[in-house]
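These are the residues of each chain, in order.
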Amino acid sequence: MSDITHHIPEPMLAAYAAGTLPPVFETVVATHVSMCATCRAGMQAHEMAGGAVLEEGGAVDLSDALKADVLALLDAPAPEDLPAPKRKGIYPGPVMAALKSREPRWKSLGMGVRQSILMDGPDGSLRLLYIPPGRAVPDHGHNGIEMTLVLQGSFSDETGAFGVGDLEVADEELDHTPVAGEGLPCICLAATDAPLRFHSVLPRLLQPLFRI
Amino acid sequence: MTDGQDMTDQTAWMLAVRDARDKAAFARLFDYYAPRLKGFVMRGGMDAALAEEIVQDVMLTVWHKAAQFDPERAQVSGWIYQITRNRQIDTIRRTGRTMPEELKHEDDHEPDAGQVLAMEQEAGKLKQALSRLKPEQRAMIEKAYLGDLTHQEIRDQTGLPLGTIKSRIRLGLDRLRHELKELREP
Numbered sequence: 637m638s639d640i641t642h643h644i645p646e647p648m649l650a651a652y653a654a655g656t657l658p659p660v661f662e663t664v665v666a667t668h669v670s671m672c673a674t675c676r677a678g679m680q681a682h683e684m685a686g687g688a689v690l691e692e693g694g695a696v697d698l699s700d701a702l703k704a705d706v707l708a709l710l711d712a713p714a715p716e717d718l719p720a721p722k723r724k725g726i727y728p729g730p731v732m733a734a735l736k737s738r739e740p741r742w743k744s745l746g747m748g749v750r751q752s753i754l755m756d757g758p759d760g761s762l763r764l765l766y767i768p769p770g771r772a773v774p775d776h777g778h779n780g781i782e783m784t785l786v787l788q789g790s791f792s793d794e795t796g797a798f799g800v801g802d803l804e805v806a807d808e809e810l811d812h813t814p815v816a817g818e819g820l821p822c823i824c825l826a827a828t829d830a831p832l833r834f835h836s837v838l839p840r841l842l843q844p845l846f847r848i
Numbered sequence: 148m149t150d151g152q153d154m155t156d157q158t159a160w161m162l163a164v165r166d167a168r169d170k171a172a173f174a175r176l177f178d179y180y181a182p183r184l185k186g187f188v189m190r191g192g193m194d195a196a197l198a199e200e201i202v203q204d205v206m207l208t209v210w211h212k213a214a215q216f217d218p219e220r221a222q223v224s225g226w227i228y229q230i231t232r233n234r235q236i237d238t239i240r241r242t243g244r245t246m247p248e249e250l251k252h253e254d255d256h257e258p259d260a261g262q263v264l265a266m267e268q269e270a271g272k273l274k275q276a277l278s279r280l281k282p283e284q285r286a287m288i289e290k291a292y293l294g295d296l297t298h299q300e301i302r303d304q305t306g307l308p309l310g311t312i313k314s315r316i317r318l319g320l321d322r323l324r325h326e327l328k329e330l331r332e333p
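Each protein sequence line maps, in turn, to chains D and Y.
Residues 637 to 848 (our numbering) make up the first sequence, in order.
Residues 148 to 333 (our numbering) make up the second sequence, in order.
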């Protein structure tokens, strides 16, 4: 836990606290914050700043009945909330929520690499990736942002080494080849806001098929 | 530390709501926050009638979820800010907002007065720092936390004084580490 060295970039954490990240990135940030005290403190700092904006921005008079209406409702039963999914094994609560509390449904991508798609739509995709020890994820670049959070094992690429809880945020500038470390298979939560671009022909042909 | 001597009024009221279900204290919280909340929501572009609906829901959530308020980790306006954004996002998006796992609360633990005070002092300093910003920077901060800027726009605003906010981060970190450890080792 204390070994997390790759954190959420500040603008992204601010956008998360303000609630303006697309859902696929929001899930990755919520998962990292679930694992990382530093970023949880950062998130709370941003909430505090939001609180200052709320407090200092100026008040508007209420209609006469509002206060009495609200006070009259205090004794009414509270609306029931569904309990938020809890961490199970290596999957923190936000991942369990995206999995709808079920096991991942792994599909093979070849060479022992597997994925389980959690969200896929015009605003991007969210998936779990399973990479056997020592195996590479095919060389790829992306048009938008790609976030990769390690849940088990580790990987490294041209930019550094990533262990459990570490988050890599890559933009269109980065072409990288992540390779899983030795030991446990590497399981990552990965989000992109645009399709990946593979450089070799075969994965490119497979891309529409696998929705990677 | 329940005498509330050194706490802000807002924190003292909130703790009275949380611990004693004190309706008079809630009424004071309402008088303080509800008009500010209405202003906040309307600056985000919502009309007065809808804004009051949100104010009503947020203030009722403050009452019902008071048990989740922890003055060692959050300060009342930050906590209410987060509830407000959740409520606003619920109206915009089909899917609810994904929040981090809750840290475990120890019931009946006495709040650490030093930690609560340190939190409030930091909040005060942060407010002052924001009020000293140049008008255009202040406007940008306001837009960011109202939810009017995308992540890309926040990223592109290199003049956005996120460092001001970051300076508070050290606070509470040790405590959070401790609580996270407990979450992992049930």
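Misleading hints may appear alongside valid ones.
As the list claims (entries may be wrong) - Mimicking DSSO-like on lysine-lysine, the simulated pairs with C-alpha atoms at most 30 Å apart in a straight line are: (1) Y:K290 to D:K722; (2) D:K736 to Y:K212; (3) Y:K281 to D:K703; (4) D:K724 to Y:K212; (5) D:K703 to Y:K170; (6) D:K743 to D:K722; (7) Y:K274 to D:K703; (8) Y:K212 to D:K703.
If you are wondering where the hints come from, they were derived from the structure by calculation, not from laboratory data.
Results for each hint:
1. Y:K290 to D:K722: It is violated: about 33 Å lies between the C-alpha atoms, which goes past 30 Å.
2. D:K736 to Y:K212: With a Cα-Cα distance of about 24 Å, the restraint between K736 (chain D) and K212 (chain Y) holds, given a limit of 30 Å.
3. Y:K281 to D:K703: violated (36 Å)
4. D:K724 to Y:K212: holds (25 Å)
5. D:K703 to Y:K170: holds (12 Å)
6. D:K743 to D:K722: With a Cα-Cα distance of about 25 Å, the restraint between K743 (chain D) and K722 (chain D) holds, given a limit of 30 Å.
7. Y:K274 to D:K703: At roughly 27 Å apart (the allowed maximum being 30 Å), K703 (chain D) and K274 (chain Y) satisfy the hint.
8. Y:K212 to D:K703: holds (19 Å)
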